[in-house]
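Protein chains in written order, with the UniProt record's numbering: chain A, 1 to 366; chain B, 1 to 265; chain C, 1 to 300.
Hints are computed from structural coordinates only; laboratory data are not their basis. As the structure is a computational prediction, the values presented were derived from the model and not from experiment. Any given hint could be a false lead.
Said to hold, decoys possible - Distance windows between CB atoms, simulated: (1) G129(B) / L77(C): 32 to 38 Å; (2) A214(A) / W207(C): 44 to 50 Å; (3) A142(C) / G349(A): 44 to 50 Å; (4) P156(A) / A81(C): 49 to 55 Å; (5) A214(A) / L77(C): 15 to 21 Å; (6) A104(B) / R113(C): 41 to 47 Å; (7) T114(C) / A214(A): 57 to 63 Å.
What the hints assert, rightly or not - Calculated pairs, BS3-like style, for lysine-lysine (alpha carbon to alpha carbon, straight line, at most 30 Å): (8) K111(C) / K354(A); (9) K70(C) / K220(A); (10) K354(A) / K70(C); (11) K247(C) / K220(A); (12) K354(A) / K247(C); (13) K247(C) / K173(A); (14) K247(C) / K70(C).
Claimed, not checked - Only part of the chain B face toward chain C is listed, based on derived beta-carbon distances under 7 Å: (15) L16; (16) V58; (17) A63; (18) L64; (19) M65; (20) G69; (21) L88; (22) P113; (23) L139; (24) V228; (25) L244.
The C-beta atom is built at its ideal place from N, Cα and C for all residues, glycine as well.
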Amino acid sequence: MSYPFRRLALAGAAAGLLALTACSSADAGGGEALDPEADLSEQTLTVSIWADYYPEDLAAQFEEATGVKTTIVNHTTNEDIVAKLTASADSGIDVAFVSGQYAQALGEQGLLAELDKALIPNEKNLYPEALELAYDEGNVYSEPYAWGTTGLCYRPDLTGFAPTSWNDLLAPKPELVGKTTMLSTDRWLAMPALKALGYSVNTTDDAELAEAQAQLIETKPTLLAYDDTTFYSKLVSGEAAMVEAWDGWCNYGIAEDPTIEFVVPDEGADLWVDTMTVLESSQNKEAAMAFLNYILDPEVQTWVAENILYKVPNQAAMEALDPALLESYPTLGITVDELFEQEVIVDLGEDSLKYVDLNSEVLATN
Amino acid sequence: MADPITRPRRRFRGILVPLWLGYVFLYLPILVVVIMSFNDSENLFVWRGFSLRWYPEVFADGALMQGLGNTLVVATGATAIATVLGTLLAYGIQHYTRGGFVRAFAIAPAILPDLLLGIGLLTLFALLGITLGLHSVILAHAVFATAFVTAIVLARMASIDPSLEEASRDLGAGPVRTFLKVTLPQLAPGIVAGALLAFTLSLDEFVIAFFTTAPTQPTLPIVIYSMVRFGVTPEVNALATLLLFVSVVTVIAAQRLTRLTGSSK
Amino acid sequence: MTTTSHEATPGVRASRARRGLAPVPFLAPGMIFLIVFMAIPVGLLAFYTFFKRGRFGGLVFEFTLDNWVKLTEPLYLGVIAQSIGMALVVTLLALALGYPMAYAIAGLSPKWRTVALIAVVLPFWTNFLVRTYAWILLLNNAGLVNQALQGLGIIDDPISMLYTPQAIAIGLLYMYLPLMVLPLYASLQQLDPSLREAATNLGANPWRAFRTVTLPLSLPGALTGCVFVFVPAMSNFVIPELIGGGKTIMVGNLVRDQFFEARDWPFGATLALLLTIILVLVIVLQSAVSRRVTEGGRRG
Numbered sequence: 001m002s003y004p005f006r007r008l009a010l011a012g013a014a015a016g017l018l019a020l021t022a023c024s025s026a027d028a029g030g031g032e033a034l035d036p037e038a039d040l041s042e043q044t045l046t047v048s049i050w051a052d053y054y055p056e057d058l059a060a061q062f063e064e065a066t067g068v069k070t071t072i073v074n075h076t077t078n079e080d081i082v083a084k085l086t087a088s089a090d091s092g093i094d095v096a097f098v099s100g101q102y103a104q105a106l107g108e109q110g111l112l113a114e115l116d117k118a119l120i121p122n123e124k125n126l127y128p129e130a131l132e133l134a135y136d137e138g139n140v141y142s143e144p145y146a147w148g149t150t151g152l153c154y155r156p157d158l159t160g161f162a163p164t165s166w167n168d169l170l171a172p173k174p175e176l177v178g179k180t181t182m183l184s185t186d187r188w189l190a191m192p193a194l195k196a197l198g199y200s201v202n203t204t205d206d207a208e209l210a211e212a213q214a215q216l217i218e219t220k221p222t223l224l225a226y227d228d229t230t231f232y233s234k235l236v237s238g239e240a241a242m243v244e245a246w247d248g249w250c251n252y253g254i255a256e257d258p259t260i261e262f263v264v265p266d267e268g269a270d271l272w273v274d275t276m277t278v279l280e281s282s283q284n285k286e287a288a289m290a291f292l293n294y295i296l297d298p299e300v301q302t303w304v305a306e307n308i309l310y311k312v313p314n315q316a317a318m319e320a321l322d323p324a325l326l327e328s329y330p331t332l333g334i335t336v337d338e339l340f341e342q343e344v345i346v347d348l349g350e351d352s353l354k355y356v357d358l359n360s361e362v363l364a365t366n
Numbered sequence: 001m002a003d004p005i006t007r008p009r010r011r012f013r014g015i016l017v018p019l020w021l022g023y024v025f026l027y028l029p030i031l032v033v034v035i036m037s038f039n040d041s042e043n044l045f046v047w048r049g050f051s052l053r054w055y056p057e058v059f060a061d062g063a064l065m066q067g068l069g070n071t072l073v074v075a076t077g078a079t080a081i082a083t084v085l086g087t088l089l090a091y092g093i094q095h096y097t098r099g100g101f102v103r104a105f106a107i108a109p110a111i112l113p114d115l116l117l118g119i120g121l122l123t124l125f126a127l128l129g130i131t132l133g134l135h136s137v138i139l140a141h142a143v144f145a146t147a148f149v150t151a152i153v154l155a156r157m158a159s160i161d162p163s164l165e166e167a168s169r170d171l172g173a174g175p176v177r178t179f180l181k182v183t184l185p186q187l188a189p190g191i192v193a194g195a196l197l198a199f200t201l202s203l204d205e206f207v208i209a210f211f212t213t214a215p216t217q218p219t220l221p222i223v224i225y226s227m228v229r230f231g232v233t234p235e236v237n238a239l240a241t242l243l244l245f246v247s248v249v250t251v252i253a254a255q256r257l258t259r260l261t262g263s264s265k
Numbered sequence: 001m002t003t004t005s006h007e008a009t010p011g012v013r014a015s016r017a018r019r020g021l022a023p024v025p026f027l028a029p030g031m032i033f034l035i036v037f038m039a040i041p042v043g044l045l046a047f048y049t050f051f052k053r054g055r056f057g058g059l060v061f062e063f064t065l066d067n068w069v070k071l072t073e074p075l076y077l078g079v080i081a082q083s084i085g086m087a088l089v090v091t092l093l094a095l096a097l098g099y100p101m102a103y104a105i106a107g108l109s110p111k112w113r114t115v116a117l118i119a120v121v122l123p124f125w126t127n128f129l130v131r132t133y134a135w136i137l138l139l140n141n142a143g144l145v146n147q148a149l150q151g152l153g154i155i156d157d158p159i160s161m162l163y164t165p166q167a168i169a170i171g172l173l174y175m176y177l178p179l180m181v182l183p184l185y186a187s188l189q190q191l192d193p194s195l196r197e198a199a200t201n202l203g204a205n206p207w208r209a210f211r212t213v214t215l216p217l218s219l220p221g222a223l224t225g226c227v228f229v230f231v232p233a234m235s236n237f238v239i240p241e242l243i244g245g246g247k248t249i250m251v252g253n254l255v256r257d258q259f260f261e262a263r264d265w266p267f268g269a270t271l272a273l274l275l276t277i278i279l280v281l282v283i284v285l286q287s288a289v290s291r292r293v294t295e296g297g298r299r300g
């Protein structure tokens, strides 16, 4: 090792140690009590939510209700927000919306604040099932915002038949080649292949994952594109005939073209939960808890559900939903029991990297 | 003109055909964007009649306006740093270095892949625990902007008369004084050009900002990127048309200005 | 876009005699800035390539050569080869389209030259993402190009052009064409028209005059243009994502994904360094060829 290189290495190691100690000291500060009497109007709140996944004037409404000056910023995927949360000690975000398995992982990393339930009395409005989800039992780090499942969203006039199996997507009929899209984010890329093969969405078995990966690589040339954000508009425009979609997002397509339908294939799918979490680095934890509590208010969550057309895990809110909506958007009518027939995605610790590698290898195959 | 013999032979105008084809290629997408910005329909593939309704929406869109504000702050900050550092560097390189190493080093950020700079800086900021924000983008943009300013000022320096500097020194002025009183005024056009280029490049820079921006303070290209990923709305087309309009006006104004200053010489 | 000639000014060299500490205020601020924010970040990446990844990005301080070994997997070699191929195709297309454009511009009257040049650069002045997106509108099955082809009766059914490697090539060509035209124009415009005329007067036909006089002299400009196009085309990741539909991946996407999706910073850094090494080799090659051409020109 030459001298300057060694110096750089030492500097790097020293800085790394510093970062580590900074992390663990933040951990230690986890349990500090929040002040229920804190003057919220003194606090400001930055919330990161998926784009188009909340009522447009949510920030303004919350500000009016509580006096907290609120800014909402957007992310496009779980990976996107997690990369930003982990890239620097303080991302400036107070509340982050992430899927359940990410809430679990971030919580284990000490990046999330434990929720102060005294400040979130509206938790009582949730379905009892929503307090026992495998990724965060007892809702220690997260409160659910919306939930649902994943399936096939399609245009019967273009497919000519009603798909019932993931294989209708993975090995499409010749006339559908080049007319389908799949999700490519996180665990949803592998999910259809795993389910079609009869495996768990949480499998860590190398052979099973390899089999799924081979299937996905075989499917790749038959796809129009991978699409996590605009698949419904590809259906509406007719570029695609059938897409892998989250149930709620299929509704965006149905809103523009009522002939579009959604089906959960016979092999089953996942139960995903999009959650609200409070960052440990937040300087405005009281306001953050107030935000979670505000969302869980039945009236607010009904308003949210009617805006985003996703099911919400709030019993009172779902019961108050406009029946006309259930008529137009059948996925909103999927019952909790039906939902819980699907498999909850959980974080797999170090084994999560297997999925990360599967994704990059499938996507890198040209 | 009247005498056909002395009139220069007309070149074959067919040579202009590829030029026009090139312009069609360059302007067709822009034409589409501009036309669609006046489309009343929300669906980008269907024309439903002329409307100006998307333009007020651009200004009403909080995210876009915030992004625009951030971009202006970043471009101004990065340009300020780069102009000072780049000018000093160019002067230092021209006067005090013999080999090409310092020169190559100073100009390297202009040639290095932006991807490398972006992730390198992200890594550095993460390692030092520096919170991302506008300051991190300003620093990152200042790196490549410094290279461009240095290159342009160096080019200008090559064309100025060194005897004036020598005279100044012979009269007892130190290097700093000579630099401020003699060199700087002569370099001014180069410095202004470098600063303008730095500002322009920063305005539309995406990759480096993508890696170094804070999620809470995105620059305009980052905002547009996340909008485009969810499908372009007519609003984005209106914004693009406005940006184009501002640039055309700026270019024309700059042309006029240079012509004025050029004729006053 | 450095269109500078780095000729040393002879007279200034005399001042060397009394340098002492004089260069410090001029060179130190910029050099320190660039060392901290360019050299160290790049060095840091090089350092990272020898360590294991942390689960949430960052790294674990455990020495490994795995990242470099992983590069040799056919999967990644394939992506790298494909990116080189794509950048090469785009560069050649840009040369084929840009050369006649630059040649035509150089032949215009000075007034029109300025207008024509500004017209080449102007598209650069609106957001590049929006310009890229416009191609989605154009190449779509229901898009303008298909409608035009169908209207002209050339095709019956729309052909899928979007989300293909060809669409990516068009997008990249569109993006970087001006970077080819500008340096080509700069070298063509320096040509003394009398040279060409002399050749023609001496009986050479226009093609021969072009080949023996214009072409060799414009070669440095062409080479510069090729580098200007090749380098960014190879590392672009937005165009493959937006108009390639995520199906065709280039090195840039791999690097981005390692950082933001896979959170494998060490491997991402390894890929980025390899990319940089390839691009630096291209630049070195370009300057070597270009020097030989100019020297050959002087000697011959």
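We went through each hint and held it up to the structure:
1. G129(B) / L77(C): 32 to 38 Å: 36 Å, holds
2. A214(A) / W207(C): 44 to 50 Å: Since the Cβ atoms of A214(A) and W207(C) sit about 56 Å apart, the hinted range of 44 to 50 Å is violated.
3. A142(C) / G349(A): 44 to 50 Å: 46 Å, holds
4. P156(A) / A81(C): 49 to 55 Å: 42 Å, violated
5. A214(A) / L77(C): 15 to 21 Å: 20 Å, holds
6. A104(B) / R113(C): 41 to 47 Å: Cβ of A104(B) to Cβ of R113(C): about 32 Å, so the range 41 to 47 Å is violated.
7. T114(C) / A214(A): 57 to 63 Å: Distance hint for T114(C), A214(A) holds at roughly 59 Å.
8. K111(C) / K354(A): 62 Å, violated
9. K70(C) / K220(A): Roughly 23 Å between the alpha carbons, so the hint for K70(C) and K220(A) holds.
10. K354(A) / K70(C): Holds, at about 15 Å.
11. K247(C) / K220(A): 7 Å, holds
12. K354(A) / K247(C): Since the Cα atoms of K354(A) and K247(C) sit roughly 21 Å apart, the hinted pair holds (cutoff 30 Å).
13. K247(C) / K173(A): At roughly 20 Å apart (the allowed maximum being 30 Å), K173(A) and K247(C) satisfy the hint.
14. K247(C) / K70(C): 22 Å, holds
15. L16: 5 Å, holds
16. V58: 12 Å, violated
17. A63: Interface hint status for A63(B): violated (14 Å vs cutoff 7 Å).
18. L64: 11 Å, violated
19. M65: 15 Å, violated
20. G69: 16 Å, violated
21. L88: Constraint on L88(B) satisfied, holds at 5 Å.
22. P113: Where the cut-off is 7 Å and the nearest Cβ of chain C is about 4 Å from P113(B), the hint holds.
23. L139: Holds. Min distance 6 Å.
24. V228: 5 Å, holds
25. L244: 4 Å, holds
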